[in-house]
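Residue numbers (the numbering used here), protein chains in the order written: chain A, 97 to 211; chain B, 7 to 120.
Rather than coming from a laboratory, the hints here were simulated on the basis of the structure. Keep in mind that a hint or two might mislead.
[Said to hold, decoys possible] With a straight-line Cα cutoff of 25 Å, these simulated SDA-like cross-link-like pairs (lysine to any residue) come out: (1) 133(A) <-> 15(B); (2) 47(B) <-> 121(A); (3) 46(B) <-> 117(A).
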Amino acid sequence: QQPVQSPQAVILREGEDAVINCSSSKALYSVHWYRQKHGEAPVFLMILLKGGEQKGHDKISASFNEKKQQSSLYLTASQLSYSGTYFCGTDSSRAGGTSYGKLTFGQGTILTVHP
Amino acid sequence: DTAVSQTPKYLVTQMGNDKSIKCEQNLGHDTMYWYKQDSKKFLKIMFSYNNKELIINETVPNRFSPKSPDKAHLNLHINSLELGDSAVYFCASSQASSYNSPLHFGNGTRLTVT
């Protein structure tokens, strides 16, 4: 079952902040965040692992609440280049399990930043 | 240098035809994937291969057959194309499992079936 993202769309002016949320009904072992611009491929932003480890982008932060099975992406002091569709991808498999490596994506959040 | 490259970028064909999409990665990654993105932007995994071995095979029609001749290549062959197959197909790779490794996506192949 795919994770649910909220909000579905956000409109900002440059310099404003935004938070995008991702919720799952399954236990999560890792959460990925990607940004996709129109007509382009999704680009990796961040991975959050169960246990607190994070890998990712210097200017973007995120949180992972394992108990609530939720993750949030924090975009601060937004720039025009932040515009795009943001996807969370969740992995509910245990390392070494039969569904190892299956990433399920949310429906996306469209972020538009205006000058 | 392109990290994950797929060809062709656009594919327009008629129902009932057979077509292939090729993917190559030069990142030295062990795992490769095919994802399908529909008109509503929903990204869904189809297959994944680890060192040429099929790891994930989602509930995809048998008309779709992936082939990995080596760990740097993963091709997708589609038989008897249907209108519902129209979508953007993304190839991706990761160092190991996507559990803790970022996915690197190719630029996508936009398939239009008429």
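Status of each hint after checking the structure:
no.	hint	verdict
1	133(A) <-> 15(B)	holds, 16 Å
2	47(B) <-> 121(A)	holds, 21 Å
3	46(B) <-> 117(A)	holds, 19 Å
The structure shown violates none of the earlier numbered hints.
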